[in-house]
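J.: Note that the numbering used here numbers the sequence shown so that position 397 is 420, with each residue one more than the last.
If a hint is listed, it holds; no wrong ones were tucked in.
Quick list of simulated restraints, FRET-style, between CB atoms:
hint : residue 1 : residue 2 : range
1    : 46        : 168       : 46 to 52 Å
2    : 88        : 515       : 44 to 50 Å
3    : 162       : 234       : 27 to 33 Å
4    : 234       : 188       : 31 to 37 Å
5    : 520       : 474       : 28 to 34 Å
6    : 337       : 88        : 24 to 30 Å
7    : 300       : 520       : 50 to 56 Å
8    : 320       : 277       : 46 to 52 Å
9    : 279       : 515       : 23 to 29 Å
10   : 307       : 451       : 55 to 61 Å
11   : 65        : 97        : 29 to 35 Å
Once the Cα atoms are required to be at most 27 Å apart in a straight line, the calculated DSSO-like pairs of lysine-lysine come out as:
hint : residue 1 : residue 2
12   : 197       : 81
13   : 478       : 450
14   : 478       : 468
15   : 278       : 532
16   : 284       : 197
17   : 197       : 450
18   : 497       : 532
19   : 450       : 497
20   : 532       : 474
21   : 474       : 284
22   : 450       : 280
23   : 354       : 278
24   : 354       : 198
25   : 497       : 474
26   : 354       : 50
27   : 450       : 474
28   : 468       : 493
29   : 478       : 198
30   : 478       : 497
31   : 355       : 81
32   : 51        : 81
Everything labelled a hint here was simulated from the structure, so no lab data went into it. Glycine residues also receive a C-beta, built at the ideal position from the N, C-alpha and C atoms.
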Amino acid sequence: MNTTFFQKASENKRSISWGDIFSDVWKKHRKDQRTALLTKGMGSHIPAPNRMLSDWQKPWLFARVLIAGLVLSVLIGISCVIFPGYGMLLMLCLLPAFVVPLSVMLFYWEMNIPGNISIYEALLLTLLGGCLSLTVTGIMRTVFPGISEIAFLAGPLPEELAKCLIVTIFLCRKKYNYGLQGILIGGAVGVGFSAMESAGYALQIFDIGIQNAMGTNIIIRSMADILVRRGVLAIGGHVVWAALYGGALALIKGKGKMSPKCFANSLFWLTFSAAFLLHTAWNFSASYLAGKLPDSLVASLVKFEAGTVTQWVKYIVLIILAWLLLFYIMKKSIRQMVSVDEMYHNAANSAEYKEAAAKRQKKKEQEQEQPVHRSEPKEQHPEQKQEQPVHQSAQKEQHPEQHPIHEESEYRVEAVIQGVSGLLNGKTYMLTAGTPLIFGRRTEKCNVLFKNETKGISSIHCKVKWYNGKVLIKDLGSTYGTWLNEGTRLEPNKYYELPDQGVFYLGSKENMFFMGMK
Numbered sequence: 024m025n026t027t028f029f030q031k032a033s034e035n036k037r038s039i040s041w042g043d044i045f046s047d048v049w050k051k052h053r054k055d056q057r058t059a060l061l062t063k064g065m066g067s068h069i070p071a072p073n074r075m076l077s078d079w080q081k082p083w084l085f086a087r088v089l090i091a092g093l094v095l096s097v098l099i100g101i102s103c104v105i106f107p108g109y110g111m112l113l114m115l116c117l118l119p120a121f122v123v124p125l126s127v128m129l130f131y132w133e134m135n136i137p138g139n140i141s142i143y144e145a146l147l148l149t150l151l152g153g154c155l156s157l158t159v160t161g162i163m164r165t166v167f168p169g170i171s172e173i174a175f176l177a178g179p180l181p182e183e184l185a186k187c188l189i190v191t192i193f194l195c196r197k198k199y200n201y202g203l204q205g206i207l208i209g210g211a212v213g214v215g216f217s218a219m220e221s222a223g224y225a226l227q228i229f230d231i232g233i234q235n236a237m238g239t240n241i242i243i244r245s246m247a248d249i250l251v252r253r254g255v256l257a258i259g260g261h262v263v264w265a266a267l268y269g270g271a272l273a274l275i276k277g278k279g280k281m282s283p284k285c286f287a288n289s290l291f292w293l294t295f296s297a298a299f300l301l302h303t304a305w306n307f308s309a310s311y312l313a314g315k316l317p318d319s320l321v322a323s324l325v326k327f328e329a330g331t332v333t334q335w336v337k338y339i340v341l342i343i344l345a346w347l348l349l350f351y352i353m354k355k356s357i358r359q360m361v362s363v364d365e366m367y368h369n370a371a372n373s374a375e376y377k378e379a380a381a382k383r384q385k386k387k388e389q390e391q392e393q394p395v396h397r398s399e400p401k402e403q404h405p406e407q408k409q410e411q412p413v414h415q416s417a418q419k420e421q422h423p424e425q426h427p428i429h430e431e432s433e434y435r436v437e438a439v440i441q442g443v444s445g446l447l448n449g450k451t452y453m454l455t456a457g458t459p460l461i462f463g464r465r466t467e468k469c470n471v472l473f474k475n476e477t478k479g480i481s482s483i484h485c486k487v488k489w490y491n492g493k494v495l496i497k498d499l500g501s502t503y504g505t506w507l508n509e510g511t512r513l514e515p516n517k518y519y520e521l522p523d524q525g526v527f528y529l530g531s532k533e534n535m536f537f538m539g540m541k
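Work out the full structure: start from the sequences and follow the hints.
T.: Here is the structure:
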């Protein structure tokens, strides 16, 4: 676990630096670490909430992909000059346009500490998000043609609104509850938009060159210039702007539902306004001021901003500002993960849990001394000694509810269950061998009671019991279901084993519980 990193994250007085995040970029990684990273978010490779921090690796893969992509882009550019052809031109349009944006998206993916989004899902979000946001942008410009008449708003306003709409739709899924997930989803939409837009500009230059018979070398050089320029600058464009309000929306939403209230939050307006202003400044040209300022002044400003140094200084300043703001959202998201980790560990380390564990250990020590005193009676009654195991084995084969194991004390605390969210957050329940816990709203039947108006909770929802050294959980035919933390819904009236430090929830994650035993 990255102990030092998360200690800094949890203490507001100690700041996280870029060095803390990128310290493992050039380190060698073992085969099992590489495998664990590439299979993250797939099937059983989704960490439980109490292991998200300990299983997380600092980002490093994105740097390898970036270097490999840049080398391939240079080789393709050289090949296009030596061996011109439409196939090579297509590669020249696609690869350089995607290298930097995809590398940034991989960085967001590696920073996703919850680890429940696979690389396949991230790439799918990139492709789908790019296509949908470009489509929505075109629809907005068609429906509201007046936007195009305002030069400096023609790009930023419809594009940011379109991306924000798609990001919001993606974040409506229940499993997206954390700020780092929102940064990844917003970044994926921005990557798709940026890469497809760059490829479109390159194809536009190719089409203009063919119509004007400009020659192959000139066309390739012009395409390479715009792709290299947009590829390098993509690090501070759409991939960051969409990640800003994506992370903010996910932080605001949390474990609740996406609602209009989320857009009234000041953090959303801060990030969306910042993205819009950064985009506007990025596209702004002094020529937009023609007719508003004296022609001589406009001409001077146009000449000044046309300089290569002036342009790059502007872009570098905007890139730094964008990443500083994103780093602020990222730190808030990391602190959110630390608080989640502390919540689960506090449940495991609660006074009730420790007290129950101490009693159980003491009971075990006492039981170890008892066989010495039982040896004489067993020798005096050999027939009972032979018959007793047969009787016990028959009991074990029958249903656990009808014949509990007699060797366990009926009143001994075997496990502790604690609410970690919702109305029962912080409340602790002791599970004994003789008394199961019944969750629900019916007072006469349940000993873990919810209020009648609690959403997602049935009158008799589920049952948790101790049997033969294990904690078993059974859904009692509830309407909204009983779920294990990894997303498995329990079949009604069927027992499932609940592992130590396991998590389950009723209906939704708003009613979540943690179970711990010695």
